[in-house]
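Novice: One letter stands for each residue in the lines below.
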Amino acid sequence: MQLEQMYQEIILDHYKRPHGKGLAESFNAEVHHVNPTCGDEITLRVTRDPVDDQKLLVSYDNQGCSISQASASILFDQLNDQTLATGEQAVDHLVAMLQRVEEPNEDVLGDGIALVGVSQYPARVKCALLAWMAWKDAAIQALGQEVSTEGEK
Amino acid sequence: MQLEQMYQEIILDHYKRPHGKGLAESFNAEVHHVNPTCGDEITLRVTRDPVDDQKLLVSYDNQGCSISQASASILFDQLNDQTLATGEQAVDHLVAMLQRVEEPNEDVLGDGIALVGVSQYPARVKCALLAWMAWKDAAIQALGQEVSTEGEK
Amino acid sequence: MSLLDVATLRKDFPILSRSVRDGKNLIYLDSGATSQKPTSVLDAERNFYETHNAAVHRGAHQLAEEATIAFENARANIASFIGAQTNDVVFTKNATEALNLVAYSFLNATLKSLTGAPLPAGAQRFVLAQGDEVVVTEMEHHSNLVPWQELCAKTGAVLKWLGLTDDGRLNYADLDTVITARTKVVSFTHQSNLLGTINDVAKVSAAARAVGAIVVLDACQSIPHMPVSVEKLDVDFIAWSGHKMLGPMGIGCLWGRNELLASMPPFISGGSMIETVTMEASTFAAPPQRFEAGVPMAAQAVALSAAVDYLQAIGMDKVAAHEHELTTAAIAALSEIKGVRIIGPTDSHDRGSAVSFVVDDIHPHDVGQVLDSLGIAVRVGHHCAWPVCRRYDVPATTRATFYIYNDLNDVKALAAGIKQAQEFFGSN
Amino acid sequence: MSLLDVATLRKDFPILSRSVRDGKNLIYLDSGATSQKPTSVLDAERNFYETHNAAVHRGAHQLAEEATIAFENARANIASFIGAQTNDVVFTKNATEALNLVAYSFLNATLKSLTGAPLPAGAQRFVLAQGDEVVVTEMEHHSNLVPWQELCAKTGAVLKWLGLTDDGRLNYADLDTVITARTKVVSFTHQSNLLGTINDVAKVSAAARAVGAIVVLDACQSIPHMPVSVEKLDVDFIAWSGHKMLGPMGIGCLWGRNELLASMPPFISGGSMIETVTMEASTFAAPPQRFEAGVPMAAQAVALSAAVDYLQAIGMDKVAAHEHELTTAAIAALSEIKGVRIIGPTDSHDRGSAVSFVVDDIHPHDVGQVLDSLGIAVRVGHHCAWPVCRRYDVPATTRATFYIYNDLNDVKALAAGIKQAQEFFGSN
Ligand SMILES: Cc1ncc(COP(=O)(O)O)c(C=O)c1O
Ligand SMILES: Cc1ncc(COP(=O)(O)O)c(C=O)c1O
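Chains as they are written, first to last, in the working numbering: chain A, 10 to 162; chain B, 10 to 162; chain C, 74 to 501; chain D, 74 to 501.
Just so you know, the hints here were simulated from the structure itself, not pulled from any lab data.
The beta carbon of each residue, even a glycine, is placed where N, CA and C say it ideally should be.
The reader is advised that the hints may include incorrect statements.
Covered, in the sense of this in silico footprint (three residues per stretch, anywhere, with C-beta under 8 Å from a C-beta of chain A), are these stretches of chain D [unchecked claim]:
id	segment
1	233-240
2	348-360
27 Å max Cα-Cα, derived DSS-like pairs, lysine-lysine [claimed, not checked]:
id	chain 1	residue 1	chain 2	residue 2
3	A	Lys25	C	Lys492
4	C	Lys185	D	Lys185
5	D	Lys185	D	Lys492
6	B	Lys25	D	Lys411
7	B	Lys135	B	Lys25
8	C	Lys391	C	Lys485
9	D	Lys305	D	Lys411
10	D	Lys276	D	Lys97
11	B	Lys135	D	Lys391
12	C	Lys391	A	Lys135
13	D	Lys391	B	Lys25
14	B	Lys30	B	Lys135
15	D	Lys84	D	Lys411
16	D	Lys185	C	Lys257
17	D	Lys485	D	Lys97
18	A	Lys25	C	Lys411
The shape of chain A in the complex, shown without the other chains:
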C-alpha cells in the first residue's frame, strides 16, 4: 500500500515525539512560514553558536500534519548546530529526492530519507519542505545580519 510508504514508522515516531520542539529565547533570526493551502505553520529561530558562529542552533514551534511535523523534527536532528553550507546541501538534496531526481542519501538526510514516500503525493511535498525552507530563510538572515553589521564597522 502506497500509504505506508509515506507514513513510515520512523515518520510517525518523529510526529508523535518530535525532537527539539520549543523556541529558544535568544536568536539571531526568526521566520514564520505558512502553507497557505492547508494552514500548516512553523516559527523557526536560528541562533549562531557562541563557540563557532558559522554553526547555527535551531529551535522551532509548529503545527500541522504528520509530514510537516515529522519533517521539522528530522530537520532538527540533521541541521541543529550545522553550517549554512551543510544545511543548503541537505535542503537541495531533499528537494531533489522529492522530485525523484536523486536517490535518497542517508549521509545527507539521516531519517529524512524516510520522507521519500511523500514524492508520490505532489500535494504533500510542500508539507515536507515547510520547515526546511523556513530554515534556509532564517539561516541566510542570521548570517546576513552579521555581514551587514561587519560592513558597518
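Dock chains B, C and D with the ligands against chain A, hints included.
Specialist: Positioned in the frame of chain A, the structure of chains B, C and D with the ligands alone reads:
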C-alpha cells in the same frame, strides 16, 4: 436569395434618396443614439407642431448602413407630424414584426413593412430600430417638457 | 422514496467510473470545491465550438449571429433558473470576480465622485465616506472577505462582522450592534462552505434594509443545492459560480437589481462594454454588457445553461431533499465515531451538505490522505475560510460534501474510512 | 512552397466543413475576432473534465493532484511558448482582464500608498501622482485604451497618445514630445487589430525606458500569428488571449517581469491568492497565485496548452510566412478593385493579416452582409478601435483576417465577393 428579401428595391430607394434628412433649427427635444457595435449614429430632433402641439415634427441627421438610413427615411414618412400614440403604436409594431410575432401591417408602417426581411438577420435588427428608438426617446422628452412646464403654471 | 436514482444519474458523469489509487472506485465527496460535469454539459460546450463558434456581440456574419443568440439564450435560461430578468445577470469568470465587481463598484464610485468624473445616476449609493462601514460575517469564504478588506484599506471605510455561535450558527444577536447607521453594505454567505450552515437571509437583510445598506449574497453553496429565487430573497446582489453546479470552469454570475446595476460605474473596462469611445473619453453600455469587457466566455455560458437544464430536469427541491438525507445520515454516522468532532451544526435543520470534522490526534490532512488511499476524495485544510477555523480553534478540517451523484453508500464508506484512519494512526 | 498544407490542416477544424446561408461553404475570415479550434484542443478540454476534473491548488486527493499538475504543466508550456519563466505567466479570463490587471495595479498601489496600507516592496513604481502621464497610441483596441482612461479619471493622471500617419503607421515622430519625464507607463499594441500594422516595439520601448516608464504590450494580434519571445522584446508586461490562438474562450494571459509582478498589490482578491487571512487583515501569495483569485479556469488552461502544441507543431515562423503570403495577395487583389480603399498600410512589410477596407458608396455593414450571403465571414464595424475609424474618417470598415486554415482561394473569394457587393448595390 434571402439577401434580396432584406435589401428590397424600396429599401434601397430610401437609402439612396432619404426623405426628410437634415436637422430643423428649432426643436423641443434632441437625442443622439448610437449602435455601439457598428458605430451607426443618428441625431434626431422633435418639434411640437405650432398648430396642434400634440403632433410632432421630425428632423434628423444620421450615418450608417443602408438599413439604418432607409429606416430613418421611412420613419420620417410615417411619423412626421404625428402624435406620440400613433408613433408608439408604429414602434411597437415594428419591433413585433422584426421579432416575427406580428405580420407586417402596411397601415401602420407604410414602406416600413419592407423591413420585414431584416428579421432574418438578428444582428441587423438594431440597425432597423435605431431611428425609431431615438424618435420614441425624443418624443417623450418633447412632450414631457411641456407637462413639466404646465405643472409650473 | 425520497432519494434520487443515483445509479442512473451517475452514468451521466464519465469521471465517476474511473478508479484512483491502485484501482479503488472513486467516491467523490468534494463537490463543495467543484462539481463533476455530466455529458450533456460537455456536449453543449463542444457543440458550440464545433458548429457556432464566433465572438459574440461583435459580428454580423451567420456564425456570429448564432453564437450571440446561443450566448444570450444561455443568459436567459440561467437567469430564469433563479427567477431573474435576463439582463440582470452578468457573466464573470467565477464568483470571486462577481463579488469583486460589487466591491470595486464602491471603490470606483467613491473615487470618481471625489475627482468629479462622470457617474451614472444613482451612483451615490456606492460612494463611501471615511468611517462608513462594511459588514460581513465570520463565516465568509475568503472571496467574500478579502475584497471587502481591500475596499476598506483603500477608502478608509471600516470592516465589521457578525460573529458565530458555538454550535456553528450566525450570531444574530450581533445584528443590532454590528449593523449601524453608517453601514453601507452587508455581504454574507447564504450557506457556509465549511460549516454547512444555511443563514437566515431575511433576518440579516431586514437589519441591513433598516439602515439603507446594500445587501450582497454569496450563493456559491446554495444555488447548486436548493431552489433559490431572487423574488423570495430580499437582497440586491447574488454571486455564484458555474463550476459548482455541474457547469464548466471559467464562468460565474452576478445577479443585481436592475436599478443598482444601472447606477454602477464599470469595473473591468475595454471592448464590448462601451457606448462611444474617443481618445479623450468614453461612455458605457447598459448592463449587463457594461460589466462584460472583452470577448466573453460564450461556450461556457452555453454549457452552464445545459447544467441548469440538467438540474431542472431533476428538480431543485429533490436535489435539496436528497442532500438533506445524506447530510442527516453523515452527521449521525460521524457522531457515532469516538474522537470525531463535527465543526458546524450537528442538527440537520437549515443546514447544507458540507460536513467538516476533526479527529482527535490525527491532523485533518492525514485523515484526508487515508480517505484518499481508499478512493474517497474529500477536501482538507481551511477551505478558504480560515477565520472559521480560528473561531473553532482547529488548525484545519477534513470536509465531505455531497451532491446528486452521491448516495448512502458513500456516507458509509466515509465513516468506515475515518475509522480506518484511526486504526492506521493508532489513535482511539 | 511556403504555404502550409491548408487542406490537411482544415480537417482538424470540424466547424470549417459546415455550410452557412443556404448551403454556402463557410469561408472564415474573422480569426482576428476569434479563431476556430482544432479537435486536439477540444479533446484536451474534454479529457480534463472526464478524467481529472477537480479544483486546483485546493486539495490533496488524487483528482486534485492530477488537476493541479495538469494546470501547472499547462502554464509551463504556455510560458515557454513565448520564452518566459513559468511563474511569470498569470491566467486571466481574457486579454482585457490582463490589461485591466496592470492598470488597476497602478490604481491600487496609488491608493494604498495614500492610506498607508501595506504594499509589497517596489510598489512605488506603480504609484501615480496628480499630473503623472500615461501613454497609449491612437491605434489601440478599446481594451488597451479605456482601462487607462479610467485609471486617469480616478487618479488625476493624464492620458496622452502617439498619433498615426496617413499610411496607417505609428507616428514615431511623436515619441519625443508625447513621452516625457512624467510618463509612468506606456501601453501599446504589438499589431493593430484594425490596420494590421506591426509596431516597432524596440523604438517605443527605448523611448519609454529613457524616462523610466513601465512598458506594456498588447500582443493579442501578434502571439497567435508570429514568433514572439519575451527575451527579444524589451517590455515589462505582455497581455494576450487564448481564444485568438486556437484556444478556448474564457482564458487570457499576462506575462510580467518577475520583480514587477512581485511588487504589485492584488487586483481581484479572494480564495487561493492569500498567504494568511484573519478577519482583521490578510497577506498575499507570491505571483502568479496572487493574481488568480477564486477557482481558476484549469480546463481552459489545459486546452490552451494543447493549442500551443498545435501551433508549435506547425512552427510560428511558418504561420507568419503563410499569413504574409495571404496578406500580400489580399492587398494586391483589393487594390485592383475600383472604389475599394484599404484602411491601413498597403505594403505588406511589418504588417499582419488584418485587411480592413471601405467600398465607395456602400456601407461596410452592407458589404459584410453580401459577403456573408456568399458564406464569407468577415467583421464589420469599428472593431473595438473606434478612434482609428475617426482618424481615417470612416464610419466603420469591413475587415478580413487570415489564419492557418485560410488559403489563396479564400483571398480570391473575398475579392469576388466585394465585386458582387458593388454589383448588388449598383455602385462602381
Ligand atoms: C489588439 C487587441 N487587444 C485586445 C483585445 C481584447 O481581447 P479580449 O477581447 O480577448 O479580451 C483584442 C481582441 O478583441 C485585440 O485584437
Ligand atoms: C461560499 C463560497 N464563496 C465563494 C467561493 C468562491 O467561488 P469561486 O472560487 O468559484 O470564485 C466559494 C468556492 O470556492 C464558496 O464556497
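Novice: Next step is simple, just say for each hint if it's right about the structure.
Specialist: Structure-based check of each hint:
1. Against chain A, the segment 233-240 of chain D contributes 0 residues with a C-beta closer than 8 Å to a partner C-beta. That does not satisfy the three-residue criterion, and the hint is violated.
2. A count of 3 residues in the segment 348-360 of chain D with a Cβ less than 8 Å from any Cβ of chain A is obtained; the coverage claim is therefore met, three being the minimum.
3. The straight-line distance between the Cα atoms of lysine 25 of chain A and lysine 492 of chain C is roughly 19 Å, inside the 27 Å bound, and the hint therefore holds.
4. Among the hinted pairs, lysine 185 of chain C with lysine 185 of chain D is consistent with the structure: their alpha-carbon atoms are about 17 Å apart, no more than 27 Å.
5. Straight-line distance between C-alpha atoms of lysine 185 of chain D and lysine 492 of chain D comes to about 59 Å, which puts the hinted pair past the 27 Å bound.
6. Simply put, lysine 25 of chain B and lysine 411 of chain D have alpha-carbon atoms about 20 Å apart, close enough for the 27 Å limit, and the pair holds.
7. For the hint pairing lysine 135 of chain B with lysine 25 of chain B, the CA-to-CA distance comes to about 20 Å; that is within 27 Å, so the pair holds.
8. For the proposed pair lysine 391 of chain C and lysine 485 of chain C, the alpha carbon gap of about 21 Å is at most 27 Å, so the pair holds.
9. Distance restraint check for lysine 305 of chain D and lysine 411 of chain D: the Cα-Cα separation of roughly 42 Å exceeds the 27 Å cut-off, and the hinted pair is therefore not satisfied.
10. Using a Cα cut-off of 27 Å, the hinted pair lysine 276 of chain D and lysine 97 of chain D is violated, with the two alpha carbons roughly 46 Å apart.
11. For a cut-off of 27 Å, the pair hint linking lysine 135 of chain B to lysine 391 of chain D is broken: about 41 Å separates their Cα positions.
12. Proposed proximity of lysine 391 of chain C and lysine 135 of chain A is contradicted: the alpha carbons are some 41 Å apart, above 27 Å.
13. For a cut-off of 27 Å, the pair hint linking lysine 391 of chain D to lysine 25 of chain B is broken: about 46 Å separates their Cα positions.
14. Using a Cα cut-off of 27 Å, the hinted pair lysine 30 of chain B and lysine 135 of chain B holds, with the two alpha carbons roughly 20 Å apart.
15. The suggested pairing of lysine 84 of chain D with lysine 411 of chain D is violated, with an alpha-carbon distance near 36 Å, which exceeds 27 Å.
16. For the hint linking lysine 185 of chain D to lysine 257 of chain C, the alpha-carbon distance of about 21 Å falls within 27 Å, and the restraint holds.
17. Distance restraint check for lysine 485 of chain D and lysine 97 of chain D: the Cα-Cα separation of roughly 16 Å lies within the 27 Å cut-off, and the hinted pair is therefore satisfied.
18. Only pairs whose Cα atoms come within 27 Å are accepted, and lysine 25 of chain A paired with lysine 411 of chain C is accepted, the gap being roughly 20 Å.
Checked against the numbered hints listed earlier, the structure breaks hints 1, 5, 9, 10, 11, 12, 13 and 15; every other hint is satisfied.
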